[in-house]
Amino acid sequence: MKPLNLFALLLFLGGAVWALTRSDRSVREIQATYYSAMSPFLRSGSKMETQARAFLEETRHSKALEIELQETREQLGRLRLIESRFRIIEDENKQLRHALAFKKATHFDVVAASVIRRNPTTWWQTVEIDAGSKRGIGTQLSVLSNEGLVGKIDRIDNGGDRSSVLLLTDEKCQVAARVEGSTEVGILNGQRGGFEGDPMLRLRFLSANASVRPGQRVFTTGRGGIFQPNILLGTIESVEKGALDSEARVRPAVNFANLGAVFVVLSTES
Amino acid sequence: MIRYSAITILLLLAAFIIQQFLPAFTGLYDSRILFVQLVFLCCAVTISSPTMLLLAFIGGFFWDAQCALGPHGGDPEVYTQQVESLRFGYSILLFGGMGFLMQGLQPLFKQGKWQFSAMLSGVAVLLYLAVEYAIINFIRGDLILTKSTVMQMVYTAILTMLISPVVFGLLFFIAKKCQHSINPEADRRNRRRRAY
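Going down the list, the sequences are from chains B and Z.
The opening position of the first sequence corresponds to residue 1 in our numbering, with each subsequent residue numbered one higher.
The opening position of the second sequence corresponds to residue 1001 in our numbering, with each subsequent residue numbered one higher.
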């Protein structure tokens, strides 16, 4: 080997070791610098993707869209009624809690955002949304849709108007979950290699003789410090019993293939 | 030579910008064109080893800056078995490995047979994805290989390989403008043929 090549190889290996030993904090700083330099291109890239998606949507049959619009209007009216009822109940609940001298009461505040980019990386199940630190969003906040839990904020861009959401379907997104109508709790996460249209989730660490059955719904427990309690995650499809613990396959409540508008929960303790 | 090497570095940086405009093909198992990797692979066969290693460092470093996930967060008492992610910087080594693989075909490329390098770029992308996925499986402690994962890797390699003639064409054009020959043996042969 030529001395120059050997020297270059040693320098390369030294550089690789330096990069591999960066702390999480410095990696975040490197990422922030990278994304701030890339932000004009990211903005144009995601705009192009959104326009392409909108064009494809438009080409769908107009009659189907008309029916969908009608259904959405009906649903909106129904939800408005439910919301007004929910506000009354919330006020009533607040008063009752106050009367019972509850030391802590949590309230939900959400920021609405749109998905502007899907799957920007090869292996991780992530999407990018058009809301960031400018609207009070920080990392590790939970993201919901009207159907249930979508995921959590993984990264916010330096510019403050974009963030990356790690989807519930990713193996790394773990959620402490409970099964409705039972005492069973476990950890729910996505499956590796679930790139097909119908991803399933795994609910692990259930007890060996867990009394859970297909059709039961799964909700967040609220433990673990990231996700609020009682958010719908999905429905059990099948249960696999093991010697030490059981595992359930869960169909997510959210249709991840059709994700448009999401809500980031800015929960504050009062 | 120096001008050409400097332009390949700029080309790699430009590839990161172009990559932002290339979405995943959701109908094809979320496969995508890995333009950054492709530009690196095509450049690797046309430059010397030290420049290739510099490109591998830049490419791997920025690729990880684009793709690395954050820490899990949450209460470690609840999330006792956190899922590991790929460490920042691993891509530098993968890019380096792929670069050496491409340089193995440099003698053929110098003879003007760029088609072999174009095909090898597809194989290298497939290998790159397979190694990356193997590392994920290794650090997470189990092997899960679904049909959709294999199809995603294959389609990504094919789609990326199909673009490689365009990148090679661009490199030939740049080399010509820089008055630098990236396939000297083929150029000599052509000159000799013209002389006769």
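Since the hints were made in silico from the structure, they are not lab data.
There may be inaccurate statements among the hints.
Straight line, CA to CA, 20 Å or less: simulated SDA-like cross-link-like pairs of lysine to any residue [unchecked claim]:
no.: 1; chain 1: B; residue 1: K2; chain 2: Z; residue 2: L1101
no.: 2; chain 1: B; residue 1: K47; chain 2: Z; residue 2: F1021
no.: 3; chain 1: B; residue 1: K2; chain 2: Z; residue 2: F1021
no.: 4; chain 1: Z; residue 1: K1147; chain 2: B; residue 2: R202
no.: 5; chain 1: Z; residue 1: K1147; chain 2: B; residue 2: K2
no.: 6; chain 1: Z; residue 1: K1176; chain 2: Z; residue 2: F1025
Exercise. Decide if the proposed pair is consistent with the structure: K1147 (chain Z) and K2 (chain B), CA atoms, cutoff 20 Å inclusive.
Key: violated (44 Å)
Quiz prompt | Hint consistency between K1147 (chain Z) and R202 (chain B) [alpha-carbon to alpha-carbon, up to 20 Å] | solution = Holds - the C-alpha atoms of R202 (chain B) and K1147 (chain Z) are around 18 Å apart, at most 20 Å.
Quiz item: Given the hinted pair K47 (chain B) and F1021 (chain Z), is their alpha-carbon gap at most 20 Å?
Solution: holds (9 Å)
Quiz item: When you check the alpha-carbon spacing of K2 (chain B) and L1101 (chain Z), does it fall within 20 Å?
Solution: holds (18 Å)
Quiz item: Is the straight-line distance between the alpha-carbon of K1176 (chain Z) and that of F1025 (chain Z) 20 Å or less?
Solution: violated (35 Å)
Quiz prompt | Restraint status (C-alpha distance of K2 (chain B) to F1021 (chain Z) at most 20 Å) | solution = Cα-Cα ~40 Å, so violated.
In this structure, the hints that do not hold are numbers 3, 5 and 6, in rising order.
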